[in-house]
Each structure stands twice: as structure tokens, then as C-alpha cells.
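> Kindly generate the complete structure, drawing on both the sequences and the hints.
Per our numbering, the sequence shown starts with residue 231, numbered consecutively.
In short, the hints are calculated from the structure, not lab data. One or more hints might be untrue.
[To be verified] With a cut-off of at most 30 Å between alpha-carbon atoms, the simulated DSSO-like pairs for lysine-lysine come out as follows:
hint, residue 1, residue 2
1, Lys271, Lys384
2, Lys294, Lys384
3, Lys271, Lys312
4, Lys340, Lys303
5, Lys352, Lys340
Remember, it's a predicted structure, so these values are computed and weren't measured experimentally.
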Amino acid sequence: MRNNVKYYITSIILIVVLVVFVLYYYCPRKVTFELVKEINKPDRNFERIDYNGFDYVENEERFKYYMTDFYNKESCKRDNLKGFSPCFVETIAEEFDFSRYDYIITYQKKLISLIHSPNLTKTEDNIYFDRRTPLIPIWDSEETDRIFIYRIAKNNRFRAPGP
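Spelled out as C-alpha cells, the structure:
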């Protein structure tokens, strides 16, 4: 009789541990965000609709890079992509609180949801050397001519997904 009780207790503990592990590994967790700014594309030729990620901005310097300096790369020049004027970006950056929030910049697509889990990291992300958690976007199917900037609570564990 005593052996049966030990067996049942051990089995229950193992099952609970297994269920907790499976839920932790496979169940996606949502990250709350809010839209803070919508702006028009910098020019008519600006097309980044095929970009299937987003830019994750932790500070004002990175924000300015993604809005202006990024477009000085050779690949952007080849595709005739031009960023925003530095004055315009400076004005927008003054509205943001980089000490309390991180920002996400999406191009011509609205975010429906941001999720993460270890399983999604393994299946959806290809940057094994960066230990921060990639946020996986779920997009609205509508294509727009706008750039969207969202904010999330500051968290040094998150980043944009890899290629």
C-alpha cells in the first residue's frame, strides 16, 4: 500500500512538472504595446512593405539611425530609399520618453500582436548568439502608406526577430 502511494505522488509530481515545462516552452506570451505615432512615408518611392520585421529602438540614437542614417547604406541607395530629414526626426524624438519605453517602428503594416516563447525563438528566429528574447509580430493584412511607431515598457530582454 505504501509503495502505491509513493508511486502516485511521484507520478503526479512528474506530470505537473511536464505540463509546466510544455506550457512554458510552447505557449506564446503577449507583450502589450500602444500606437504612439503614425507618419507618412518619406517619399512616394519608399517601399518597405516586403520587410517582414520591425526596428526595435532602445534609445534616441537608435531611433535617429533607423529614421535617417540607415538609408545611407549602399543597399538603400541602390533601391532609391530615402529616410526622413534630421530636423523632422529630432522633433519626433523629443515627444518620446526613452527612459521609460522602448519603441517599435513598423513599415507600411500595422501590428496586431507581439508574442514570444522559447519555441517561437527556436522556430521563427535565426540569431542564436543573441540571448535576448525576439518578439514575433503578427501583422494586419492591410498595406498602408504609413510608418507606425509603437511603444512598450522598457525591457532589456527583448529585441527584433532575426532574418
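> Which hints from the list above does the structure break, by number from lowest to highest?
none
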